Amino acid sequence: MSIELANESGVEVPAEMIISAARFAVAEMDVHPAAELSILCVDQETMADMHMQWMDLPGPTDVMSFPMDELAPGGRPDAAEPGPAILGDIVLCPEFAAQQAKSARRSFEHELSMLTVHGVLHLLGYDHADADEEKEMFGLQNRILEDFYDERHRQAQQQRQSDRDTRLLTNIGFTDTERPNASAEDG
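First residue of the sequence shown? That's -13 in the numbering used here, and the numbers climb one at a time after it.
Worth flagging that the hints you see were computed from the coordinates, not collected in a lab.
Note that the structure is a prediction, hence the values are computed from the model and not measured.
Glycine residues also receive a C-beta, built at the ideal position from the N, C-alpha and C atoms.
Fair warning: there could be bad hints in the mix.
[What the hints assert, rightly or not] Derived CB-CB ranges, DEER-like:
hint	residue 1	residue 2	range
1	92	2	16 to 24 Å
2	142	-10	24 to 32 Å
3	147	96	23 to 31 Å
4	161	53	23 to 31 Å
5	91	20	37 to 45 Å
6	138	-12	19 to 27 Å
7	149	42	18 to 26 Å
8	22	143	25 to 33 Å
9	147	117	38 to 46 Å
10	45	156	22 to 30 Å
11	158	1	37 to 45 Å
12	-12	38	39 to 47 Å
13	92	32	20 to 28 Å
Using the sequences provided together with the hints, build the complete structure.
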């Protein structure tokens, strides 16, 4: 999965978390692993301009998604095998997201992760224009986020255990930390 993130917002963002959330959501939705996705963080003025241009709505918003036309469920019938696709672009407004997070009493990182998953779902054709669509999309979004956090927690636990194991092995002299290339030198 190729994910590019460009931050033109003037606000420091947790880029690794955003990319991880996007990668996890795309994998959960069983999108081809060679698919491409672009994420752009912009300031409120730029987002307001985009919101007006593309949605004919005034003011900034938190996230906008621009799916690519070439992505179609099931792929093209004349294609030999389904292959990589360009999913499209997700545009985030971190300043707007920060305000939204504060009023909802959520962390900035969580807000951006949630908006990223939301953006991925829009790229894949999900919408929330009516009550049934909203229930489906937000239910899926919440499940993906919960699974994402569970996976991050599991990975953090594994890393802590690995770090403890390494310290223990080093303390008892089982590993040689001063000679990391010992086998190459001994040969």
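Fill in: Numbered hints the structure breaks, given as an ascending list
4, 7, 10, 12
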